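Participant: Sequence:
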Amino acid sequence: MKRKQSGRAAPDRPARAQPQRSSAAAPPVPADRNAERLSRIERRKARQRAFSLTILVLLIMVATVYAIIWVMREARPRPRFIFIQEGTVSHQVTLSGLIARDDQLFAAPSDGVLKPLAAEGSRVAKGQKLALVIPAGREAELSELQKCEKDIVDLQNELMRQGKGAAARAIYDESEASLAAVVNLIRADLTRQDMGNIGTYQTALNLILEQRTARLMPVDFQDARLADLKLTRAALEQSLGLEAATLICQKPGIVSFRLDGLEGELNNKAILSLPADRIEDEISNSPDVLPVSQTVSKDAEVLRVSSGLYQSLAFLVPGNQTAVFPVDSVHTLLLADEQLSIAGCQAVRVEKSGSDTLVVFRTDRRIEWLSDRRIVRATLPLTQTTGLKVPLSSLVDYDQEKGQAALMIVVNGVARLSPVTVVDQDDKSAIVAGAENTDHPIGVAAILVVNPESIQEGEFIGE
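Letter by letter, the sequence shown follows residues 1082 to 1544 of the numbering used here.
Hint data in this document are derived by calculation from the structure and do not stem from the laboratory.
With a Cα cut of at most 25 Å, we get these calculated DSS-like pairs of lysine-lysine:
1) K1231 - K1210
2) K1207 - K1311
3) K1483 - K1509
4) K1245 - K1228
5) K1210 - K1311
6) K1483 - K1470
7) K1210 - K1332
8) K1433 - K1350
9) K1228 - K1311
Label pairs and their in silico Cβ distance ranges:
10) L1186 - A1305: 35 to 45 Å
11) E1167 - R1242: 48 to 58 Å
12) S1224 - A1308: 18 to 28 Å
13) D1409 - A1316: 47 to 57 Å
14) E1255 - D1480: 45 to 55 Å
Bear in mind the structure is a predicted one, so any value in this text is a computation, not a measurement.
C-beta atoms are modelled at their ideal positions from N, C-alpha and C, and glycine is treated no differently.
Hey, can you work out the whole structure from these sequences and the hints?
Facilitator: In structure tokens:
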């Protein structure tokens, strides 16, 4: 049986006696001791901050050094290698020369306006119509003829865009390559801010376009509109030709409408005996591009046909160069403005003239290209040296007065210096000869370090 709970409350436990605080206060700490204690704490904190800052600065310095070393290693140029080969170093000179040709001259039978029927610099055949001399008062018909020719060219371009005239496309592609070459020369001159050859380039462009137009005329596009325009053109030419003088080719050759009055006395034969001072005067006074006469007078010379197989180029080369250009020697000249070579130039006259050397070359190349001018700017080779050819930048410790240098070559995978003698050089390359009794001789097919500053002697390649 459960016990009944008593209704009496449990007696309260006696409270613990609280210790009584002493009414007396602790003795005060002296002020100077507190100040000293605070000072020690501040000094300790300052030392900790200085130590932490020193560690941070050292870490930054170490990281900076490593970063500089890494950047220097990454920025260091990598060595470049080539095989040493035989080559030639040439010394050249760029000069202006006088052009002489065998020209057949045509005079105007009456006063009037000259209307060319052949393209400047084109080859013409015997019996071909070269030009018309249109009398005064027929300017309207001449303008109509010129408009008709322009309409023919425009229509031909339209038909080619439509895929017609396969033969015309070949003519256009060929002329496009020639036009691109001249345009590249113009761009190069503009980059150098050289505007001195613009007249020459304009003449070359006009010549290419005129030759293209003349070659396109006989192409059959099988178009009725073009056939009608050609009939109109022929009728206008015939109408003008009835009352105009027609100049007809007597010998095949290259036609030109640019004259300077020297055609009768400057030919391939006369240039062999013409005094050197006269040649020098003509070089100094002749224009770069010969003029064209639109309005002509009776009996005045209006065009010429170069019927000879050769043309002559006369130069006054500085110094005594008779040994460089012996008679009958053959050389290759370079047109300085167009960067076109003239191969097969045979020296036919070489003589000393004061401090210069008169050299006359004869060639059958580039006659059409030079047909519109009397002066040519060309680069002539003077001397040549053949031997081991290396880039000028590969020479180490080059002493130009003594002609001594060294090459960094690779021997069994290790970079080694080999002393050499510089025999000849130009602005890019040098001909060298290896030194005798050296531990690391050079020769054909030796591996050369083109940029020796990128590697140290004794360094293994690839490290």
